[in-house]
Amino acid sequence: MANANLAVEFKKVNKWFDDFHVLKDIDLKISTGEKIVICGPSGSGKSTLVRCVNNLERHNSGTIVVHGKEVNNKLSRVSEISSEVGMVFQQFNLFPHLTVKENLILGPMKARGLSKKEAEERAMKLLERVKIPEQVNKYPHQLSGGQQQRVAIARSLCMEPKIMLFDEPTSALDPEMIAEVLDVIIDLAQEGITMIVVTHEMGFAKKAADRMIFMDEGRIVETGTPDNFFNNPETERCKLFLEQILQH
Amino acid sequence: MKKKAFIIVALFLVVGGCSSPPGTWGWYVIDPSTQNGWNNIRFLLSGFSATIKLSVLAALLSILIGLVVALPGMSLSRWVRLPSRIYVEFIRAIPLLPMLFWVFYGLPVILKSLGLNIPIDPFWGAAITLAISDSAFTAEIYRGGIQSIEKGQTEAARTVGLNYLQTMLYVILPQALRRILPPLANQFIYIVKMSAFASVIGMQELTRRANEVVVSEYRPLEVYSLLILEYLVLVLIISSGVRWLERKMGSDQRR
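In order, the protein sequence lines correspond to chains W and B. For the working numbering, count along the first sequence from 1 and bump the result up by 192. For the working numbering, count along the second sequence from 1 and bump the result up by 69.
Do not rely on the hints blindly, as some may be mistaken.
Now the stretches of chain B that chain W is said to cover, found in silico as 3 or more residues with beta-carbon under 8 Å [as the list claims (entries may be wrong)]:
1. 119 to 127
2. 196 to 206
Just a few of them, taken from the derived set where beta-carbon distance is under 8 Å, the chain W residues facing chain B [as the list claims (entries may be wrong)]:
3. 246
4. 248
5. 252
6. 254
7. 291
8. 293
Hint data in this document are derived by calculation from the structure and do not stem from the laboratory. Where is the CB? At the ideal position from N, CA and C, for every residue including glycine.
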């Protein structure tokens, strides 16, 4: 509305889980095409922040605007927002009773009204892009964790979202599978899509992020370019955090 | 298991028949080699079709009503949840027999006062009562099955644009069904046994027929022994079906 270039805007957003104040006065603007990496200690509210963008969590006060549409607490908005926003979960959340192909075409067919043929064509293209076209007829449990997560990425891309959210996409993976998933995400970052990634993979952040956001205790404590963020962190809290996660 | 049960029942009858004083047992009443005994047996066995029809109809209704009750029972909104909870708690508290009397003798009075002239025959009276009484339990079975599917599934479905109904239909129910079917089938056994109550409002099923033979022949021991055997056979057939279903669902288990 005010700024056509704006993908996501948080204005004074607060959220509580019962007595626990998860998000405190969050103000954040993300432009179209920007790649954001959010990090911070567990319980700092980073997942909740991301989940507020597509209304999986409802905020208690303030406003969130996604591509000109306000995310409010009416249920009907969920699918409206989700048509713009794709999401990749830590636990993949593939549909276990459906094959890879069926996982991919379900949304496009039922929510977008694509024909089966169109949806399948789109699915095959995306499976090639995440480099597992040969797994198309398998069930999720027959795939490795890395493969499952790549299917999950392809599944959200099938909806042609403008924004992609990644909530710790590699945290549930065995170490040797992290690279194959990060490669796919970096590949995706080369394109115009807006990305918000919650991760502790700092190598990935240096390569792909336009901007780093550090959260602690429900606040955005520090933000900056990866260069500044890693080399000259401003706050003590952030310095400590970086020392801890970079020392290994 | 099944064989054992048969052997125990058979032993009980044989031993009982031999060791009791003369006059205790009078198997002639259902002796197929005599005309009268054969007629009695045919009369008793012909109750099967009514018992089965009644049970199947009640089970199908209960499965439908249960789902309709269970879905709002899982809403995030307390006010949507409330009617479902009240239904389950209320229906679960009513014993079957009083409910059967209420539906069969009481409900027509209400319908009449509303100007509706809908007669309730014993079959439909019993079917409705059994279905409603059982639906409180099926609703809880659905709720348990659906809630056992991880929250991530619903969230993933939302993020690919599915609405509530589509999420249920394509993502949650197909997965929950595997966990719901065996207990639902068990519930069917309960319905078959409870259908015996339909005899008191005059429905011609297994128990009613047994009562009628007892009244004319004065041989309750033999007739009711056969009646128990009839239910035993019916339930064993169903429960072997349930086992088969469980095996099939178990071997089909993905993830």
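Hint check: 8 Å Cβ-Cβ cutoff, residue 248(W) to chain B: holds (6 Å)
Residue hint residue 252(W), partner chain B, criterion CB-CB below 8 Å: With a closest approach of 15 Å, the residue 252(W) hint is violated.
Given coverage of the region 119 to 127 of chain B by chain W, checked by CB-CB distance under 8 Å (3 or more): Three-residue rule not met by the region 119 to 127 of chain B, so violated; n is 0.
Status of the residue 293(W) interface restraint (C-beta, 8 Å, chain B): violated (14 Å)
Coverage of the region 196 to 206 of chain B by chain W (three or more Cβ within 8 Å): As far as the region 196 to 206 of chain B goes, the hint is violated, because 0 residues have Cβ atoms under 8 Å from chain W.
Restraint satisfaction for residue 246(W) [CB to CB of chain B, less than 8 Å]: The hint holds - residue 246(W) has a Cβ within 8 Å of chain B, the shortest such distance being about 6 Å.
Status of the residue 254(W) interface restraint (C-beta, 8 Å, chain B): violated (21 Å)
Chain B contact restraint on residue 291(W) - CB to CB distance below 8 Å: violated (10 Å)
Checked against the numbered hints above, the structure breaks hints 1, 2, 5, 6, 7 and 8 and satisfies the rest.
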